[in-house]
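Q: Next come the chains, spelled out residue by residue.
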Amino acid sequence: MAIVQDSSVPKLGKRKSGAGSQTWRRYRKNKLAVFGLGFIGLLLLVSIFAPWLAPHNPFQSIKNAAGGLDIMAKPDSTYWLGTDSLGRDILSRLLYAGRVSLSVGIVSVTISTVLGILLGAVAGYYGKWADSIIMRVVDVVYCFPVMFLIITVSTLLKPSIYNVMIIIGLVSWTSTARLVRGEILRVRELEYVQASKALGVSDFSIILQHILPNIMAPILVQATLMTADAILTEAALSFLGVGVQQPTPSWGNMLNEAMSILVLRFKYWIWLYPGLAILLTVLSINFIGDGLRDALDPKLKGRK
Amino acid sequence: MIVQRYLVKRLLTTLPLLVGISLLTFFIMQITPGNPMQTMIDPRISTAELARAQERMGLNDPVIVQYFRWLGQIVQGNLGFTIKTGQSVAGMILERLPATLLLTVTAFLLSFIIGVPLGVYSATNKYTKRDYGLTVFSFIGISVPSFFFGIALIYLFAVKLNWFPTSGLATINLQGSSWAIFLDKLKHLVLPALVLALPNLAVIMRFTRSSMIEVLTHDYIRTAKAKGLGGSMVKYKHALRNAIIPVITLFGISIPTLFGGAYITETIFNWPGMGSLGIQAITAREYPIIMGLNLFTSMLVLLGNLTADVLYAVADPKIRLSK
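Chains as they are written, first to last, in this note's numbering: chain A, 1 to 304; chain B, 1 to 323.
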């Protein structure tokens, strides 16, 4: 075992650093992916510094000099993007809502990816009944319209941002599990895994040290694309009123105001900007995912 | 003969899924307020009768016994009664089914009728500006939230331009020829069907594009070209025929997406289908309706997947021979 590691570690390290810069070079060629990365980078910065950047308090209605509320005010020099039906500043709410979307995306995808890797690895590596049971569960979850399953469960629990994160995480591990299982089935019979097995390396460290690093690329791509889906799902839940609750702003619950025909018809700024924010964020993440796929696995280029 | 054997095999693999779906539904119902069996009792009966009915239904029996009894009711088509009005859930769902089917089937057809040709066009013009534009379009299609797209369409085409109505299934009390009534229904259908179709359309387009590009690299395409067949003959007869086969797998995948999407689309457009029934049930905390819908739609999805697989097996002999 010592011999195997001694000869493989330095080689692997060298190859990796070279591959890293090569990956970046390939990634850079994809203009859309670079745009996506730029936008998400900007969004991250803006979300982190939201308390300093927001011109007004996003949670409360603002009293003007006369003591009244500026309800549904048009965009002007005081309120750059206008105010909503309760007289809250839209720009400030947009900035704070970015925090919600990004954290829901990151937390729920972390949950689902860890679950997916775990269950997929068990199913793929051990096979037999473990495989059958896990894959049947995956099939069952596939049959349910996931959106409705999420809506159902989030109504059962008290709707909140934490429940949204957990529920999305718990129902969206299936595609990662399928992917990991497939990859492990492919890699399991390869010589280096067989060699480690023959040398008596435990199953756990074979999976963790030898198999996972080799299938990280598709998992990473999958996780990126799932972040986009998670953000869309959160927005839809909050739009329907079973996700993030007022007064916490979320792009989805901001858009909910457009269900009123008055707002839809005459107050476009209330629903247009949060909608564009969701669209641009999800689009950017999808661009990143696509760029990563091409950059990490040049073999797939042109086939996607 | 072989197709029949495949069909039997495929039906057998569907059985455990049915059991799984019913178990999951029953489990969720166990954690909802109210007992699943209790919802099977018509609530309009008196308290004395209720006690007897509860005894008869064995609400004190072990959970596993209750599950099988619940399953028995489901198989007989009893999805329970609503908490507040005591209506039959199965009846309510069936009443809403035609509207949802009209919407989902239209969206389904639209997404294939538009998606496949766009994908083929993209593939045969790959790496051109037009291909690039279509790729960006497909990315937007999978990224735009349906409620935002729906609202934007209503704002543009219903409020500003006044081309289509903002919501509903048809104009109430419309008098006129059957042609006028049909036209009115069609106008109501356009916007919601587009909203529901868009993400599916984008996926189909990208899938067709990659499938077509892959097929175009095969040797037999080169052979066909080498023996002097014209470009369009090769592209549309030889390549498209083979490229279209994997697209059939998207039939199955489309179905849960469309039914799931119907919840939001129907809510935005006030479309009186199963989706808006579901959202109303959620607002009113009518768990029997919610679970009935869950069960019903997942069965539809299962049926759709089965159909797609059988179609696939008929279209591609390699599948049914290898399994």
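Among the hints, erroneous ones may be present.
Each pair of labels, with its calculated beta carbon distance range [stated by the list, open to error]:
1) F266/A x K225/B: 55 to 61 Å
2) P16/B x F266/A: 35 to 41 Å
3) T307/B x E191/A: 39 to 45 Å
4) M259/A x V136/B: 16 to 22 Å
5) N162/B x M259/A: 43 to 49 Å
6) S21/A x K187/B: 38 to 44 Å
7) S21/A x L156/B: 44 to 50 Å
8) P62/B x L157/A: 40 to 46 Å
9) T307/B x Y192/A: 38 to 44 Å
10) I248/B x T78/A: 53 to 59 Å
11) N57/A x I248/B: 41 to 47 Å
12) M259/A x I31/B: 55 to 61 Å
13) E189/A x L94/B: 46 to 52 Å
Calculated from the structure, these hints are not laboratory results. The C-beta atom is built at its ideal place from N, Cα and C for all residues, glycine as well.
Q: Tell me, in ascending order, the numbers of any earlier hints that this structure violates.
A: 2, 4, 5, 6, 8, 11 and 12
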